[in-house]
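A.B. asks: Take a look at the letters that make up each chain.
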Amino acid sequence: MFAVGFGYLIIASLLLMLFLSLLSLFHRNKKAAFSGNIILLALISVSSFAVMYSASSGSVLFGIISMSAFSAFFIGLFSAALILVSMLAFDSSSDYPLFSFLLSLAMLGMFFVASATNLLQILLGLEMVVLPTAAMLLSEGRSRLEAAMKLFVLSVLSVTVLAFAISLVFPYNPSLSLSSISLSGSGAIPYFLILAAVLFAAALGVESAQFPFNFWVPDVYQGSPGHIAAMLSGVNKKVAFVAIMEILLVMLIALKGVLSPMLAILAIFTMFFGNLLAMVQGNVKRLFAYSSISQAGYIMIGIAAAASIGAVGVRASIFQIFAHLFMIIGAFAIVSYLERLNFKSIEDYSGMVSASPSIAIVLTILMLSMAGVPPLIGFYGKFLLFSSALSANYFYLAVFGIINSFMSIYYYGKLINSMFIKKGKAQVRIAPITLMVAYVCVAVVLVFGIYPQPIIHAASLASSALYSI
Amino acid sequence: MFPILLSLIAIPVIFLAASALLGKRFSKLLACASTALALAISLYLVASSFSSGSASLSESYPFLASLSINFSLRLTPVSLLLITMASIVLFVAALAGDIGENSTKKSSFLLLLFQVAAMGIFLAGNLLVFFVFWDIALVASFFFINVLGSGNRKQASLKFLIYEIFASSMLLLAIILLYTSLHSLSFSALQNLSSVSGSTRLAVLISVLLAFFINMPIFPLHSWMPDAYTEAPTRGTMLLSGILSKFGGYGALLVLPYAIPSKSFAVYIAALAAISLFYAAFSMLGQKDIKRALAYSSMLEMGIVLLGISSLSQIGIEGAAFAMFAYGIIMALMFLDVGALFYSFGERDMRVLKGALIEAKGLAYAFIFGIFAMVGVPLTSVFIGDLLVFMGAFSSFGVYGLVPLAAVILLGAYFYFVVEKSFYGSKEHSKVIYVISKTQSAGIGTLIFFMLLFGMLPFLLLNMFA
Numbered sequence: 001m002f003a004v005g006f007g008y009l010i011i012a013s014l015l016l017m018l019f020l021s022l023l024s025l026f027h028r029n030k031k032a033a034f035s036g037n038i039i040l041l042a043l044i045s046v047s048s049f050a051v052m053y054s055a056s057s058g059s060v061l062f063g064i065i066s067m068s069a070f071s072a073f074f075i076g077l078f079s080a081a082l083i084l085v086s087m088l089a090f091d092s093s094s095d096y097p098l099f100s101f102l103l104s105l106a107m108l109g110m111f112f113v114a115s116a117t118n119l120l121q122i123l124l125g126l127e128m129v130v131l132p133t134a135a136m137l138l139s140e141g142r143s144r145l146e147a148a149m150k151l152f153v154l155s156v157l158s159v160t161v162l163a164f165a166i167s168l169v170f171p172y173n174p175s176l177s178l179s180s181i182s183l184s185g186s187g188a189i190p191y192f193l194i195l196a197a198v199l200f201a202a203a204l205g206v207e208s209a210q211f212p213f214n215f216w217v218p219d220v221y222q223g224s225p226g227h228i229a230a231m232l233s234g235v236n237k238k239v240a241f242v243a244i245m246e247i248l249l250v251m252l253i254a255l256k257g258v259l260s261p262m263l264a265i266l267a268i269f270t271m272f273f274g275n276l277l278a279m280v281q282g283n284v285k286r287l288f289a290y291s292s293i294s295q296a297g298y299i300m301i302g303i304a305a306a307a308s309i310g311a312v313g314v315r316a317s318i319f320q321i322f323a324h325l326f327m328i329i330g331a332f333a334i335v336s337y338l339e340r341l342n343f344k345s346i347e348d349y350s351g352m353v354s355a356s357p358s359i360a361i362v363l364t365i366l367m368l369s370m371a372g373v374p375p376l377i378g379f380y381g382k383f384l385l386f387s388s389a390l391s392a393n394y395f396y397l398a399v400f401g402i403i404n405s406f407m408s409i410y411y412y413g414k415l416i417n418s419m420f421i422k423k424g425k426a427q428v429r430i431a432p433i434t435l436m437v438a439y440v441c442v443a444v445v446l447v448f449g450i451y452p453q454p455i456i457h458a459a460s461l462a463s464s465a466l467y468s469i
Numbered sequence: 001m002f003p004i005l006l007s008l009i010a011i012p013v014i015f016l017a018a019s020a021l022l023g024k025r026f027s028k029l030l031a032c033a034s035t036a037l038a039l040a041i042s043l044y045l046v047a048s049s050f051s052s053g054s055a056s057l058s059e060s061y062p063f064l065a066s067l068s069i070n071f072s073l074r075l076t077p078v079s080l081l082l083i084t085m086a087s088i089v090l091f092v093a094a095l096a097g098d099i100g101e102n103s104t105k106k107s108s109f110l111l112l113l114f115q116v117a118a119m120g121i122f123l124a125g126n127l128l129v130f131f132v133f134w135d136i137a138l139v140a141s142f143f144f145i146n147v148l149g150s151g152n153r154k155q156a157s158l159k160f161l162i163y164e165i166f167a168s169s170m171l172l173l174a175i176i177l178l179y180t181s182l183h184s185l186s187f188s189a190l191q192n193l194s195s196v197s198g199s200t201r202l203a204v205l206i207s208v209l210l211a212f213f214i215n216m217p218i219f220p221l222h223s224w225m226p227d228a229y230t231e232a233p234t235r236g237t238m239l240l241s242g243i244l245s246k247f248g249g250y251g252a253l254l255v256l257p258y259a260i261p262s263k264s265f266a267v268y269i270a271a272l273a274a275i276s277l278f279y280a281a282f283s284m285l286g287q288k289d290i291k292r293a294l295a296y297s298s299m300l301e302m303g304i305v306l307l308g309i310s311s312l313s314q315i316g317i318e319g320a321a322f323a324m325f326a327y328g329i330i331m332a333l334m335f336l337d338v339g340a341l342f343y344s345f346g347e348r349d350m351r352v353l354k355g356a357l358i359e360a361k362g363l364a365y366a367f368i369f370g371i372f373a374m375v376g377v378p379l380t381s382v383f384i385g386d387l388l389v390f391m392g393a394f395s396s397f398g399v400y401g402l403v404p405l406a407a408v409i410l411l412g413a414y415f416y417f418v419v420e421k422s423f424y425g426s427k428e429h430s431k432v433i434y435v436i437s438k439t440q441s442a443g444i445g446t447l448i449f450f451m452l453l454f455g456m457l458p459f460l461l462l463n464m465f466a
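These protein sequence lines map, in sequence, to chains A and B. The numbering of the first sequence is our numbering, which starts it at 1 and goes up by one. The numbering of the second sequence is our numbering, which starts it at 1 and goes up by one.
Some hints could be false.
[Stated by the list, open to error] DSS-like cross-link-like pairs, simulated, lysine-lysine; straight-line CA separation at most 27 angstroms:
1) 106/B / 422/A
2) 414/A / 106/B
3) 344/A / 256/A
4) 422/A / 354/B
5) 159/B / 105/B
6) 106/B / 425/A
7) 414/A / 150/A
[Stated by the list, open to error] Sample of chain A residues with no beta-carbon within 10 angstroms of chain B, all distances over it, derived:
8) 15
9) 31
10) 54
11) 120
12) 150
13) 368
14) 375
15) 382
16) 383
17) 384
18) 399
19) 402
20) 416
21) 420
22) 421
23) 423
In short, the hints are calculated from the structure, not lab data. All values reported here derive from a predicted model rather than from experimental measurement. Cβ atoms here follow ideal geometry from the backbone N, Cα and C, with glycine treated the same way.
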């Protein structure tokens, strides 16, 4: 009952948010739209976490929406992340009311994906996430056109492939529900299902920046203003991971013999691709774009392990999703703001410690966390991921993961080194709201890095709930 | 019961917060107070374990309940030796190490961070706690070199970071392998390592060897070391050579006896230790920069420590622990002294130090004392450490175990020439007399005091082994 009540509350708040932002679209009231967004998103976030920690579940709206610890965790996480994104947008968006409307649509889409009981819901939800994001980028002016077009075309392509994959599943799963498909008879896997699994991985691989499907990522991130870069890497990518978990780990788990090695290979290539290219980047924003690709590879390690051993791998991936979300939003908040002040390359960052010690320290903490240095949150993500890979008997996956996390210290170290050169430079001032976002991210990274138990516990709850959809 | 082990970690954390909040004026005072408290607590622990004849305390706090990993701390004789050494070195570094520094606040902050890490590592009751503090120490040392170092600090610190992160990645691999195969990370669970399958055990062995050998450092993984030791400021070098290099030694001491598959394998490690210490001795012979020469002598000493561990005998391992204690103090003394000499003379090249015996008497005599101690002259604690190590090596490897003594003789001979060529030589008509500050002479005095105290009365520390 608890979950159902809060489920309706969340739906009501989502609709109210959509309505309010639609109103503000006509009244052009930036502040009202902003405060409405923040309050409602906070309400959604708090009530979702209440559902999650109560570990109750139930279905809402005639069984369309499933409220479980899994969906509640992600609804809560995404709405919290969108609070940070709206704070960034309040500062950097050129048309906040329009952004607020598109954000409400995207939040609704995320809600659908996280609480899906049906494949079509995931398809619809993903469309509602990616298309408003492309529109947001487009609304930022002509200079963003190239990035917006790339994002739009790739997103549409991925959604189309997803639709095709769903149609392939249809004969085996006529209700299109997310409960696992059982193979009849001899247990031989039909080729069409394998093709469907590959297409699902490809379609969602585009969104989640997996290796051969991620060439758009650096260009689009570089061409986006801070709040959209933060949203793309911090939130949209994670929504695709949620869909991957729901489809590949639950519905198609009968194919795990095929899926697990395929995802492991995907993870390895993605990590190496991201890290190797990040090493040669001179532009800081591109560096973080490639580093976020490699982080997508790490998250995939847990999913590959989960395909063979279940909840332990999902827990690791969920933890890393939580960790990376805050790390990358904080990093893009600062890096994009500095980009507007014409700090672009690693050389431009030299002397940052004299120009603004707080920026240098914040970025250093975030980067050390991304590199997996304890006692910061990124370390526990990697610890969980690599140990889940070993429990699934993927020794080489764990070793490649560790090699990659070692490789990443090279480019993070280069940037840290450059920031801590002492130089008499003009002071850099960052808008307080952007700095606040960065501070929140650093606080999460530090607090849950020193004491990660609450998040590990939450991830355990969510991962065990995933298997009981 | 009073959580005495936790307080050793909590005290520097509190002082760290205070140092971040309070102004420049208090930073040195805070660093001194925090390290002095740690020194007092560890001396109290030494006294109480001397009277009870044993040292074993353990504390455990809930940490990662979902993974059934606790924040557990434990005190063993070896860890008591090392926290005593670490608090002596940290105290002296806080008191006297800030020679010619103009950013005391940063340096004191990093020193306190390093104190947290050092206490955490030596008191860790499981590998996860060990690893967390290991990386904190690494970050603190990186910034010591990167922000406060001398001329070539950027390159040296990046090199240090890359090597040490590689070491910590390897350690992480070993920890994860142990966690998935033993389902526990506590040091006491390492005894079950023999039940683990051969290939996992080999992977654990290779990764811990890489991790600890980089940190100590052992040939051929040492190339970060001369640059890092040379470019770090005096405080940083004292901490790096005195304490950081002992992390690897301590880890090797804990893990290797269980991870080494057989006695015949231990011979290879002993051989590597011998190669490493001869390499260090011969590299030292070619150095003109005293700090670089000392860096190699620190590497030589870690070779001796590894020799003691690889003997796998009770006495050799105790000797390795005692030797780490003694070498930590002596390296801090030497680097502090050289730092002060460098500040007075403006050069580290030994040829410029001519006439130091007249112009900076105290420092020169302390340096000469340090050389005697490094070579292992009786009445210094290095003598006890070397004696035990070579007894262990002799019992395991026979006469071959004593071959590395030749490297110690080389060390003595080299520094004999240093003293003769530079200190005794006189410059023409130099009337300058350098006066060292009171804190520096107090720091040097403290180190010499402890060096002699535990050299003359080694049973104060050895009684608890039993």
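A.B. asks: Beyond 10 angstroms on every Cβ pair: is that true for residue 31/A relative to chain B?
C.D. replies: 35 angstroms, holds
A.B. asks: Check whether the Cα positions of residue 414/A and residue 106/B lie no farther apart than 27 angstroms.
C.D. replies: Measuring from Cα to Cα gives roughly 21 angstroms; hence the hint holds.
A.B. asks: Is the claim that residue 54/A lies outside the interface with chain B correct, judged by CB distances over 10 angstroms?
C.D. replies: Answer for residue 54/A: holds, closest chain B Cβ roughly 17 angstroms.
A.B. asks: Could you check that no beta carbon of chain B comes within 10 angstroms of the beta carbon of residue 368/A?
C.D. replies: Non-interface label fails for residue 368/A: nearest chain B Cβ at 7 angstroms, not farther than 10 angstroms.
A.B. asks: Does residue 159/B pair with residue 105/B here, judged by a C-alpha cut-off of 27 angstroms?
C.D. replies: 25 angstroms, holds
A.B. asks: Run the distance test for residue 422/A versus residue 354/B: straight-line Cα separation, threshold 27 angstroms.
C.D. replies: 35 angstroms, violated
A.B. asks: Holds or violated: is the Cβ of residue 150/A farther than 10 angstroms from all Cβ atoms of chain B?
C.D. replies: At roughly 35 angstroms from the nearest Cβ of chain B, residue 150/A sits farther out than 10 angstroms, so the non-interface label holds.
A.B. asks: Closest CB-CB distance from residue 402/A to chain B, is it above 10 angstroms?
C.D. replies: 5 angstroms, violated
A.B. asks: With d taken as the least Cβ-Cβ distance between residue 423/A and chain B, does d exceed 10 angstroms?
C.D. replies: 13 angstroms, holds
A.B. asks: Is residue 414/A within 27 angstroms of residue 150/A, Cα to Cα?
C.D. replies: 30 angstroms, violated
A.B. asks: Can we confirm that no CB of chain B comes within 10 angstroms of the CB of residue 15/A?
C.D. replies: 36 angstroms, holds
A.B. asks: Taking the closest pair, is the beta carbon of residue 416/A still more than 10 angstroms from chain B?
C.D. replies: Given a closest Cβ separation of 8 angstroms, the condition is violated.
Violated hints, listed in ascending order, are 3, 4, 7, 13, 14, 15, 16, 17, 18, 19, 20, 21 and 22; each of the other numbered hints is respected by the structure.
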